[in-house]
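> Work the whole structure out from these sequences, hints included.
Residue numbers (our numbering), protein chains in the order written: chain A, 1 to 606; chain B, 607 to 1212.
Since the hints were derived computationally from the structure, they do not count as laboratory data. Owing to the predicted nature of the structure, the values given are computational and were not obtained by experimental measurement. Hints are all accurate, no fakes.
In silico BS3-like cross-links for lysine-lysine, where the CA-CA straight-line distance does not exceed 30 Å:
#, chain 1, residue 1, chain 2, residue 2
1, A, LYS385, A, LYS548
2, B, LYS1029, A, LYS80
3, A, LYS517, B, LYS1098
4, A, LYS593, B, LYS941
5, B, LYS831, B, LYS889
6, B, LYS786, B, LYS753
2 protein chains.
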Amino acid sequence: MTQYTAPIADMKFVFEEVFDFYSHYQKYPAYQETTADLVDMIMSECGKLCESELAPLYQSGDKEGCQFDDGVVTTPKGFKEAYQQYIEGGWHGLSHPVEYGGQGLPQSVGLIRTEMVGTANWAWGMYSGLTLGAMNTLIEHASEQQKNMFLHKLTSGEWGGTMCLTEAQCGSDLGQVRTKAEPCEDGTYQVTGSKIFISAGEHDLTENIVHIVLAKLPDAPKGTKGISLFIVPKFNVNDDGSLAERNHVNCGSIEDKMGIKASATAVINFDNAKGYLIGEPNKGLEYMFTFMNTARIGTAMQGVCSAELAYQTSLPYAKERLSMRSLSGVKQPEKIADPIIVHPDVRRMLLTQKAISEGGRAMIFYAAKIVDELEQAETEKERLKLDDELGFLTPILKAFLTELGCDSANLGLQVFGGHGYIKEWGLEQIVRDARISTLYEGTTGIQGLDLLGRKILLQRGRSFKAFTKEILSFCKDHSMLSDNVHKRRMNKFIWPLSKATINWQQYSLRLALKARKNRDVVGSASVDYLMYSGYIAMGYMWAMMAQKANERIAEKPDNIEFYRAKVRTAEFYFERIFPRIKTLSTTMMADPKSLMRLDEDSFSFL
Amino acid sequence: MTQYTAPIADMKFVFEEVFDFYSHYQKYPAYQETTADLVDMIMSECGKLCESELAPLYQSGDKEGCQFDDGVVTTPKGFKEAYQQYIEGGWHGLSHPVEYGGQGLPQSVGLIRTEMVGTANWAWGMYSGLTLGAMNTLIEHASEQQKNMFLHKLTSGEWGGTMCLTEAQCGSDLGQVRTKAEPCEDGTYQVTGSKIFISAGEHDLTENIVHIVLAKLPDAPKGTKGISLFIVPKFNVNDDGSLAERNHVNCGSIEDKMGIKASATAVINFDNAKGYLIGEPNKGLEYMFTFMNTARIGTAMQGVCSAELAYQTSLPYAKERLSMRSLSGVKQPEKIADPIIVHPDVRRMLLTQKAISEGGRAMIFYAAKIVDELEQAETEKERLKLDDELGFLTPILKAFLTELGCDSANLGLQVFGGHGYIKEWGLEQIVRDARISTLYEGTTGIQGLDLLGRKILLQRGRSFKAFTKEILSFCKDHSMLSDNVHKRRMNKFIWPLSKATINWQQYSLRLALKARKNRDVVGSASVDYLMYSGYIAMGYMWAMMAQKANERIAEKPDNIEFYRAKVRTAEFYFERIFPRIKTLSTTMMADPKSLMRLDEDSFSFL
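Following this line, the structure appears as structure tokens:
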């Protein structure tokens, strides 16, 4: 059985000590009431709900899956009841505007809930997660009338939402979209086409589903410049907000997938369905991009969730399972064998999961602070700067954390030996569920291109420079040359981190110069470059966490062991995980020829 | 749909050119008839069978799985018919003694079949694979009477076989085995106990199943020194070899697993079942070890099979799927977009699978030559030396190739983007099926301990020294200082390989010295050390293959592109995969403290 307990101590450490979120909230009038007491209460109550209602549905939801019958999708047993409890508790609209019935809390607080829900039951969380995606799009780009028509019920969770982008012939390459929207005389549109891979596209949790659909107007320019964005509800909506007749939107089937089986992945067919244009024509892709950062951070969270759940499930097993004796001497002579946690290699697998989940959490909340700042930005200049910062971090978070989430899930399984392969223990489900995370919301390859091609090369590394400068400034403040009292304890982190960050700057510049001569340099280096960047970004988090922990240790608090464990995990990260940059710095700088010189016909001689 | 075509061109390259198997066979009187013509015919016929009969059952077998009903296990539709065809064709006993009805061909030839069957349908192949394991044990250690009683029907495939080691409380730590064997007056034993994870433990393919069971005699010493080995057939056998009454052996259930669902993993209960002691009492574990090398090489093959099937399935998709334009200029202007194989990162994923499957195949057949030599060894001294050589390579092959097989399967899935997550394409099944390979037949962690603890430290690196010497000798023969005509073309391989091999020697010595002071060094370094060793061993294979290919290219043969592709894949391996040793050489040498200093109670503060 998988095990989940909300990691409140670690979340509080991140919120209070590492990033000092409570001073941050006090900067903004809108967040004056977001105090430590309130957030602690949210952590505790949301944790209870996730532990008692969502976690127990994790394995049963996978076993049962979603059922499809002639256009109707039934979610697994217990999903609907849990959903009712969740929306009644107000958890759904936690970070959404008060004017539509939300609680108006910062996005960073919403992410606490996203993590807890996601770790307890990722597939279940997909339904409200997709609704949040749809809501964000409407808040940003819809007309007042559209907002009034849809946002109240979406915020309450009475209605669900989706994002309909992908079609059978195109996923990442949205210029190929074929779905069409014909204007009607009343100002609405008739949308026709078929969308695939629509998460939460059809289900029985809500009375209506509001689809946000990418489609092309009749006179649209070719490619990505001709894409517009439409609202297409499953049931039409009367002026008073009540449900009208069924729209011409139908679920054709749901996919039989590797994992997240309790999340319905639907084929949605639009057949002259009534739709409402969002914003201006042909600006659909641009609108998508503006909220893509937050959607991708939500997906990045899946990496943390996979690592956390795998860790929480494999750790107790490692403490209980008796096998062999410690090579450095018997540890529990009264037992028939030692528990496997005495074995260094089992510890390596556990500590990797721990370092990834805690380091990943820090990365997410580091970015969440920028999300809050962006939401409260007062000038366009400030907004653009913050959007750049977030845009730089987003592909790193999304691809790096989901890749490591998959690795962590696999290590959790490996701790169980052969038993990990048996469904009963749940580890194999974590591996299967995690596997989607490097695919949807832009594959790892797409994130790599976004980071290196767009954020580094096109934008000339604006935010990259600021980020590396920030790391180096942190390093300086805690280096052996500083006055910092913990500098001796910090040296083991500061030295490799500062060295790697300087190299990161140099490698980035060299790649930019190389890419001018050969555009294949970008795709050739991109994924390794992204992973390299991720290890440094996570290294920065671990150095910051070690620094805060060292400060606290000096005060000899009651829970001193918590802080010691932080420092030791940071040491583990720098000694065992961080050195991965050595290989990556070689492979990302390798000549693209190593990838390009093999002729397409010579890949196989079968 | 997964795609499988037997990779005959590559197999022939390995057999004829890289390892010159036909001169090797001519050294032994027993293998005089194993000519290139015969082996070509075997490759071709076995390939056809696997392509037409086994591959089509790959996905249907997974979907249907094995059914359990009150002790009876039914394999998926088509499995029984394919099995009949397979044993009637004589494929099962290909490399087993003629005196029991086998074809007496070298084990290396048997491995051709093992690879083809395994790539086409690994789960299906488990049934005859386990029988081979049981046969090998009997051939090595059973009495003449026992051999006559069981080996004929096992060799023909009319009966199946299993290896019953694991119990609920112990897998790797077999000293904890509780199954008991009480001697009877007639010289047989009554075996009582419950075994789990018994692959092919119960099924409907054969009329009898011969279990090889680890159990303890009443007066047995504690731990691994008190384990004996027994033959326990499902149906008892009359003196004339015909079936007698059912033995007290029952299948309690089969496991619900992540993958290889068409392979029945059974709980087998023995309740005073009639058994026959193999060899001497209390030598069971020793007997197991003698055939473990071949069993583990069989499992190592799963890594090659996973990589090969993932590659064969993802390559055509990468050539067909249209998405985005090449960054270095439009490649197929007549199409709406370029096929994704133009993108460097997609090529990185494809080439990794290619390099692993071809490099892994070379590693397996390099070891297979030693298996043949061992079988034909004439003196005990020679036998011991070869057994050492094989014993050194085995953990590397098993753990390294299965870990990379899993990685390759995941990359194959990744090539498909979101479509890879859908069952229909079969990639997710390859990932699920591959995942067992790093667990059974000794986990990666166990292989790491076997390599570093036993083969390097306990045996003082006898075979390690010989192997590295061989690599360095190859490097010398093709170095810039040699007279070799291809030395300029070989330099890019020889230089990194020789440097890494010398480092490997030095690191091994340093680890040995460190381990004397701190036994935790072994477990702390073991898995990274094993992977490091694997990359060098595979580098040696790629260097040898590049060398042979360069020789052939100089002759300007008709199929020159085949050889060019080999050289380019070798280049890819050395530029993109081989640098992984950089990280591994750091992490394997890291102080064990990074793993050991965290107190057991401090792993979690939930």
